[in-house]
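So you can see what is in the structure, the chains are spelled out below.
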Amino acid sequence: MKSTQGKVVVSLVLASVVCLLAVDFAEARRGGGRGGGHSMTRGGPAASGSMHRSQARPQRSSSRSSMSNQRYQGSRQAGSRDYAAQRPEPGTANRDNRPEMNQDRLDQRQDNIDQRRDTNQDRYDQRQENINERQDFAKEVHNDREEWYEDRWRGHSYVSVSVWGSMGCSYRRVVVGGVTYYDCNGVRYERVYRGSEVVYVVVN
Amino acid sequence: MHYRIRILASLLTAAFCLSAHPQTAESPEAPEIEPEALSVLQAMSDFLAASDEFYYEIDTTYDVVQPSGVKYEFGVARKNLVARPDRLHTEAIRRNGVAGTMIFDGKHIWAYSKEANVYAQTEQVGDLVESIEFAVSELRIKAPLSEIASPDLFASITRDLETAYYLGENVVRGVTSDHLFLRNDYADVQLWVATGDEPLLQRIVIDYREERGQPQFRAQFSNWNMAPKNTREKFTFVPPKDAERIRFYVAAPPSDSNQEDAK
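Quick mapping for you: the protein sequence lines, in order, are chains A and B. Numbering-wise (the numbering used here), the first sequence opens with residue 1 and increments by one. Numbering-wise (the numbering used here), the second sequence opens with residue 1 and increments by one.
Simulated from the structure, these hints should not be mistaken for lab results. Treat the numbers as computed from the prediction; the structure is a model and nothing was measured. Be careful, since some hints might not be right.
Claimed, not checked - One-sided and incomplete, this derived list gives chain B residues near chain A with beta-carbon spacing under 7 angstroms:
#1 Asp63
#2 Val64
#3 Ala111
#4 Ser113
#5 Val118
#6 Ile141
#7 Lys142
#8 Pro144
#9 Ala187
#10 Phe217
#11 Ile246
#12 Phe248
A virtual CB, placed ideally from N, CA and C, is assigned to each residue, including glycine.
Based on the sequences and whatever the hints tell you, model everything.
Printed below as a string of structure tokens:
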């Protein structure tokens with residue numbers, strides 16, 4: 001019988017070790033990323049290589065955290081006021097009122113538990129609110145960016161240098177006010193730096 | 001009978017493992033900043049701040065999330081020469097072979113394409129940090145990891161920091177490095193900083209967890225030189241005689257798109 005128990009214990013220990021190794025392995029695998037290729041949008045937030053959201057975007061985190069702090073402090077202060085009100089006046093505690101004191105303590109302990117639960121719930125709600133707010137904000141930023149690009153390029157389409165080369169038009173060079181334009185199949189282009197890339201922008 | 005007991009015990013343990021897994025795999029909830037992680041960042045920042053001129057190369061790759069949701073990887077190799085307070089020379093070569101040079105000479109920002117034989121020029125206002133900010137936000141030029149040029153890299157990296165973990169030592173391309181995990185309100189960042197007397201950045205991975213598709217940016221650093229020589233000529237741009245001057249395409253606000261200034 002003892003040997004059976006021993007085997008069970010050994011099995012449990014071995015299985016636990018396997019379990020812990022599995023956890024470590026899962027930890028190690030987390031956070032991997034992949035990329036691939038096909039045709040294509042070429043830009044995006046990851047191309048910026050910045051650790052922070054663009055400075056031009058509205059900063060919401062500070063107001064959010066201050067709201068969060070106010071809420072948390074408010075609940076803590078309310079809790080401490082309640083606690084003070086239930087404490088016996090100094091000098092009134094004696095053997096006669098000990099049962100009441102014990103009851104008070106029990107009540108107080110229950111109050112504290114309730115308050116902690118409320119605070120935890122508050123924190124959970126706040127965290128959830130923050131997550132929702134962050135997701136909304138990310139969505140908003142994404143929409144803003146799409147609108148921005150849409151407005152920016154409406155009526156201002158462009159072609160890359162490689163596409164320009166493959167168009168095969170015998171363009172005509174026109175210099176107006178010191179700026180060189182290229183007329184190709186009745187469309188006027190200007191060669192510009194668009195970000196870090198040279199492109200031909202349609203100007204008419 | 002003994003056999004059944006063993007099987008039962010194993011099953012119970014396996015069930016325990018499976019129930020424990022999701023909790024272990026969750027990201028940390030409580031904000032936590034480990035002093036050891038901060039001290040590595042501080043040492044790296046101090047070391048870079050001690051040199052006004054330095055050179056490094058980065059091989060960057062990044063995901064671009066397509067409308068369909070799939071991610072494609074692009075890449076650019078860059079050679080950067082930094083001279084504080086206001087000069088920068090950067091050469092970039094994309095994977096498709098397109099190359100470009102960007103120079104901040106303290107008075108002007110120059111962009112030059114040898115392939116297209118064109119250049120653009122605009123006024124440079126402010127120090128390197130301000131100029132890079134201008135180039136990124138107004139000229140829409142990509143300047144990944146430009147925080148490195150900041151004289152206070154520590155402040156720049158730790159802005160809005162929520163989590164900082166020291167994960168241990170790793171060897172990155174033969175360089176023993178401290179591995180850190182940082183989280184701010186926008187991205188998750190992993191850094192590998194060389195241990196020893198020259199705590200220089202070896203690798204960085206940024207996860208844009210708030211962006212659609214959660215794309216990733218990765219950069220591998222190499223050939224750090226904290227005392228580059230004969231740098232003056234690198235910050236002086238003389239356009240080739242036959243090169244054509246073109247304009248930076250700068251968009252006007254959406255409401256005023258007809259008056260776009262391509263200066």
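A quick look at each hint next to the structure:
no. : hint   : verdict
1   : Asp63  : holds (5 angstroms)
2   : Val64  : holds (5 angstroms)
3   : Ala111 : holds (5 angstroms)
4   : Ser113 : holds (5 angstroms)
5   : Val118 : holds (6 angstroms)
6   : Ile141 : holds (5 angstroms)
7   : Lys142 : holds (5 angstroms)
8   : Pro144 : holds (2 angstroms)
9   : Ala187 : holds (6 angstroms)
10  : Phe217 : holds (4 angstroms)
11  : Ile246 : holds (5 angstroms)
12  : Phe248 : holds (5 angstroms)
The structure agrees with every numbered hint stated previously.
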